[in-house]
Amino acid sequence: MSAEDIPKDYSESPINLEYFYTAGSATTRFLNQVKEGNIVGQGCPKCKAVYVPPRGSCPRCGVATDIEVPLTDKGCIESFTVVHIPIPGNPIVPPYVCAMIRLDGANISFLHLIQDVDIENIRIGMRIQAVWKPKEEWTHSLENIKWFAPIDEPDVDVATLRFHES
Amino acid sequence: MKRVAIVGYAQHPILKNAGALNEVELIMPVVHQLFNDLGISQKDIDFTCSGSCDYLQGAAFAFVEGLSAIQTNPPIKESHVEMDAAWAMYESMLKIQMGDAETALIYGFGKSSPGDLDAIISLQMDPYYISPLWPDRVSLAALQARVLLDQNVITSEQMLASVIEARANSKNNKNALITDLIDESDYLKNAMVSSPLNQLDCPPISDGSSAMIIASEEKAYEFTDHPIWIEGIDHRIESSNLGSRNLATSKTLQASMDQLNLKNIKFDVAELHTQFSHELPFLKSLLNLQDVPTNLSGGPLVGNVMMCAGLDAIGKTYESLKNNQFTHGLAHATSGPCLQHNMLVHLEAQK
Amino acid sequence: MIQAGVIGVGQTKYDAKRRDVSMAGLVREAIDNAMLAANLEWDAIDAVILGKAPDMFEGVIMPELYLADAIGAVGKPVLRVHTAGSVGGSTAVIAASHVCSGQFKTVLTVTFEKQSESNATWALSPRYPYSPHINAGAGGYFAPFIREYIRRYDAPEHIGWKVAAKDRQNALKNPLAHLHIPGIDEKMVSDTPMLWEPLRYLESCPSSDGACAMVITAQDQVGSRNVAWIKGMAVRSEGTLSAGRDEVNPQAGIDCAKDIYNQAGIHNPFNEIDCAEIYVPFSWYEPMWLENLGFCDLGEGWKLTDKDVTAIDGELPFNMSGGVLSSNPIGASGMIRFGEAALQVMGLAKDHQVEDAKVAMGHAYGGAAQFFAMWIVSSSLD
Ligand SMILES: [Zn+2]
Numbered sequence: 000m001s002a003e004d005i006p007k008d009y010s011e012s013p014i015n016l017e018y019f020y021t022a023g024s025a026t027t028r029f030l031n032q033v034k035e036g037n038i039v040g041q042g043c044p045k046c047k048a049v050y051v052p053p054r055g056s057c058p059r060c061g062v063a064t065d066i067e068v069p070l071t072d073k074g075c076i077e078s079f080t081v082v083h084i085p086i087p088g089n090p091i092v093p094p095y096v097c098a099m100i101r102l103d104g105a106n107i108s109f110l111h112l113i114q115d116v117d118i119e120n121i122r123i124g125m126r127i128q129a130v131w132k133p134k135e136e137w138t139h140s141l142e143n144i145k146w147f148a149p150i151d152e153p154d155v156d157v158a159t160l161r162f163h164e165s
Numbered sequence: 000m001k002r003v004a005i006v007g008y009a010q011h012p013i014l015k016n017a018g019a020l021n022e023v024e025l026i027m028p029v030v031h032q033l034f035n036d037l038g039i040s041q042k043d044i045d046f047t048c049s050g051s052c053d054y055l056q057g058a059a060f061a062f063v064e065g066l067s068a069i070q071t072n073p074p075i076k077e078s079h080v081e082m083d084a085a086w087a088m089y090e091s092m093l094k095i096q097m098g099d100a101e102t103a104l105i106y107g108f109g110k111s112s113p114g115d116l117d118a119i120i121s122l123q124m125d126p127y128y129i130s131p132l133w134p135d136r137v138s139l140a141a142l143q144a145r146v147l148l149d150q151n152v153i154t155s156e157q158m159l160a161s162v163i164e165a166r167a168n169s170k171n172n173k174n175a176l177i178t179d180l181i182d183e184s185d186y187l188k189n190a191m192v193s194s195p196l197n198q199l200d201c202p203p204i205s206d207g208s209s210a211m212i213i214a215s216e217e218k219a220y221e222f223t224d225h226p227i228w229i230e231g232i233d234h235r236i237e238s239s240n241l242g243s244r245n246l247a248t249s250k251t252l253q254a255s256m257d258q259l260n261l262k263n264i265k266f267d268v269a270e271l272h273t274q275f276s277h278e279l280p281f282l283k284s285l286l287n288l289q290d291v292p293t294n295l296s297g298g299p300l301v302g303n304v305m306m307c308a309g310l311d312a313i314g315k316t317y318e319s320l321k322n323n324q325f326t327h328g329l330a331h332a333t334s335g336p337c338l339q340h341n342m343l344v345h346l347e348a349q350k
Numbered sequence: 000m001i002q003a004g005v006i007g008v009g010q011t012k013y014d015a016k017r018r019d020v021s022m023a024g025l026v027r028e029a030i031d032n033a034m035l036a037a038n039l040e041w042d043a044i045d046a047v048i049l050g051k052a053p054d055m056f057e058g059v060i061m062p063e064l065y066l067a068d069a070i071g072a073v074g075k076p077v078l079r080v081h082t083a084g085s086v087g088g089s090t091a092v093i094a095a096s097h098v099c100s101g102q103f104k105t106v107l108t109v110t111f112e113k114q115s116e117s118n119a120t121w122a123l124s125p126r127y128p129y130s131p132h133i134n135a136g137a138g139g140y141f142a143p144f145i146r147e148y149i150r151r152y153d154a155p156e157h158i159g160w161k162v163a164a165k166d167r168q169n170a171l172k173n174p175l176a177h178l179h180i181p182g183i184d185e186k187m188v189s190d191t192p193m194l195w196e197p198l199r200y201l202e203s204c205p206s207s208d209g210a211c212a213m214v215i216t217a218q219d220q221v222g223s224r225n226v227a228w229i230k231g232m233a234v235r236s237e238g239t240l241s242a243g244r245d246e247v248n249p250q251a252g253i254d255c256a257k258d259i260y261n262q263a264g265i266h267n268p269f270n271e272i273d274c275a276e277i278y279v280p281f282s283w284y285e286p287m288w289l290e291n292l293g294f295c296d297l298g299e300g301w302k303l304t305d306k307d308v309t310a311i312d313g314e315l316p317f318n319m320s321g322g323v324l325s326s327n328p329i330g331a332s333g334m335i336r337f338g339e340a341a342l343q344v345m346g347l348a349k350d351h352q353v354e355d356a357k358v359a360m361g362h363a364y365g366g367a368a369q370f371f372a373m374w375i376v377s378s379s380l381d
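Residue numbers (numbering that gives the first Met the number 0), protein chains in the order written: chain A, 0 to 165; chain B, 0 to 350; chain C, 0 to 381.
Rather than coming from a laboratory, the hints here were simulated on the basis of the structure. Check each hint, because a few of them may be wrong.
[As the list claims (entries may be wrong)] DSS-like, lysine-lysine: derived pairs with alpha carbons at most 25 Å apart: (1) K16/C <-> K1/B; (2) K45/A <-> K15/B; (3) K302/C <-> K257/C; (4) K47/A <-> K42/B; (5) K34/A <-> K145/A; (6) K1/B <-> K15/B; (7) K257/C <-> K42/B; (8) K145/A <-> K134/A; (9) K188/B <-> K1/B; (10) K172/C <-> K357/C; (11) K145/A <-> K132/A; (12) K321/B <-> K262/B; (13) K15/B <-> K265/B; (14) K132/A <-> K34/A; (15) K104/C <-> K250/B; (16) K265/B <-> K250/B; (17) K12/C <-> K257/C; (18) K7/A <-> K12/C; (19) K134/A <-> K34/A; (20) K172/C <-> K186/C; (21) K186/C <-> K7/A.
It should be emphasised that the depicted structure is a prediction, and the values quoted were computed from it without experimental measurement.
With the hints as constraints, model all of the structure from the sequences given.
Put into structure tokens, the structure is as follows:
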């Protein structure tokens, strides 16, 4: 029996829906700065925790993060994974390193790529800095940062990164 | 059975396009308004429950994003229904009745503006037989409107009156999206969307959020001198197969009326989750509300935030009882095509 | 408070693609099994509580509407719960709350996922504007937390292989499990390709179709039925991006466990709980949850796993059914934990029964390890 003779026991019913995404006002403030090559976190008026990228709130306190906190593009690797399978719809070729990036002065981390280093040398606590795309390619996205790359500074003890209310 | 009361309700202004506001920014203001009104904080809340629908925004976990609006340190007792927030209130009430909570915060949010609501709601239907045909929400409602008209359950004059009254009543609702008045000639000028429903018979695409706080009898009086009691509540679903339903009536609403023993209650006010103009006269007749002021807020025809509009009907009934010298109010929430799933809430202000 | 108990658990056969049934057929398979186990007629069911993870997994919005007939809910109240991966557990808690509130005598609850109808990794990682598109599904998200656990407590890599092999060996005793891998052992796990370091292919959960249902009733309705009494149940949540949150050992999990132990009068969970079905979608979550749930001190979890304490014949068996690592219809996975815990104390777990199990725990988590639901069931009411 050839493949065509086997009765098909399913049918395809594709669903295509289009959405107009909006970033939200806190994220818009952040992305307007990212477009200029600046990283500006948002601070909680109560506990002073700094969020980057911001969602507009501090879930510790349940209030809006309305304090702008300029940060540098340096930080450390809080943790990471080496991904060996492709991301659906993304041309990036495995294996690649996806890391929780903790910028200096920030109290949460975000996921981004690590490159310009042999994968086996990547460590938790390693110091890193953003590698930006050429300025003319900058847009309203953290993709302005191509990836983060190690810098020649001593490792950080990530246990010291845990936020405590002062 | 433990008694449960509504002690506060807040509604975000209903927007045509909340564009610049994310989930957090929609939810936080209404929650803070409630907390400020009652002089409390999240720490006074024992259980939190929300209602929302991922597909409206096209995000797999919109409710997770929304939770960031709430203080969750220390961690909270929390849950979420992928339903109108009226059902989040229902779940919260059970938590109070079982003794797991004395107070509960309920919130709902919905942004219909980012997507194509007609296409999205098509995905509520049977995925093998019906959804692939992409029936839009207005056409589904129109099927029921046609049945009601043909069987003389309602008249087209009543549909027109629903639209005109909704807009006139919008003056009572500072959060209404649509406030301009119209007359019969304006109505007739509008193009049919799906016969017999024209543009004005349908609710506007709306973005917004709402929040409510309910409490046990012991706690309610700590928050307010005028709690409004959930005297009765019942909800039931009908078949998904439209062909097997009698669209000219609602067996489940009749069952809920019997269950709540509503026939002997003289209601002062009612707010019904009637999204299309034909649904108002239909439900008024079915629920014996012909002489009861209904949808004084304007109802869904002047602002219809998906996943909130049912909670809003309860909230607006609460406000009516609280702000007027009313005793009995009836609220209705619905879900699904052609009023498939209905909740009735009998609210009472103690005299 | 009104006492409630589980009088019927029903499950489907779990598989990658259950193309022999529709979504309605899948949930009904579990429901029929639960109703038969409970020995009840439909009239006895007062309400139906449905749970599942994101609607995008199947492309059906608010499926309680479409499924109203299949789940026997027509004319009755129905509630649809969605709390991410913890939903199977939180749905059970909410179903029991219906009974404990005094509003309902007997309820039916069902959870399902039919992942083959869509693409789960796609549904979890859609391409949003503004943010780098680097999220490679749930494994890519949880792997960094696992790496941090391993770093903190200097755990050896074979622990992950060991959990993966143990749960799959248990699955061989459970005919409903999705994965049946003959001869599975640590070596076989360690030979599989790396997906998200440190997680290898066989250290990760499968993607399954399946449903799980339970009938829960009030004490005065039980009659002579075999019952798993619910001695404690709780949910806890914490915000995803919250400064100071410890993703490796979330406070919400710690608090939720303490809550159910208090309700059940348990002082020493390691000694007083006979077995547990714990949500372990990636191998390392077994030692991580051993610690988070208070079965041992921080850093001791991997040592318990290493000493075979969690084996089916160990002191504290974990995931006798094969766990999430062997069957993962996401929306149902939590309820399977809760239902399997009930089956153990009812003595109905057949080939994967823990001898003389009297007190069992069911556990589920979801989101970014931020949503928790748990319960304790017991063979006796005292
Ligand atoms: Zn704060």
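Tested hints:
no.	hint	result
1	K16/C <-> K1/B	46 Å, violated
2	K45/A <-> K15/B	33 Å, violated
3	K302/C <-> K257/C	22 Å, holds
4	K47/A <-> K42/B	20 Å, holds
5	K34/A <-> K145/A	14 Å, holds
6	K1/B <-> K15/B	40 Å, violated
7	K257/C <-> K42/B	19 Å, holds
8	K145/A <-> K134/A	12 Å, holds
9	K188/B <-> K1/B	52 Å, violated
10	K172/C <-> K357/C	20 Å, holds
11	K145/A <-> K132/A	6 Å, holds
12	K321/B <-> K262/B	23 Å, holds
13	K15/B <-> K265/B	36 Å, violated
14	K132/A <-> K34/A	11 Å, holds
15	K104/C <-> K250/B	22 Å, holds
16	K265/B <-> K250/B	22 Å, holds
17	K12/C <-> K257/C	33 Å, violated
18	K7/A <-> K12/C	22 Å, holds
19	K134/A <-> K34/A	9 Å, holds
20	K172/C <-> K186/C	20 Å, holds
21	K186/C <-> K7/A	38 Å, violated
Hint compliance for this structure: hints 1, 2, 6, 9, 13, 17 and 21 are not met, and every other hint is.
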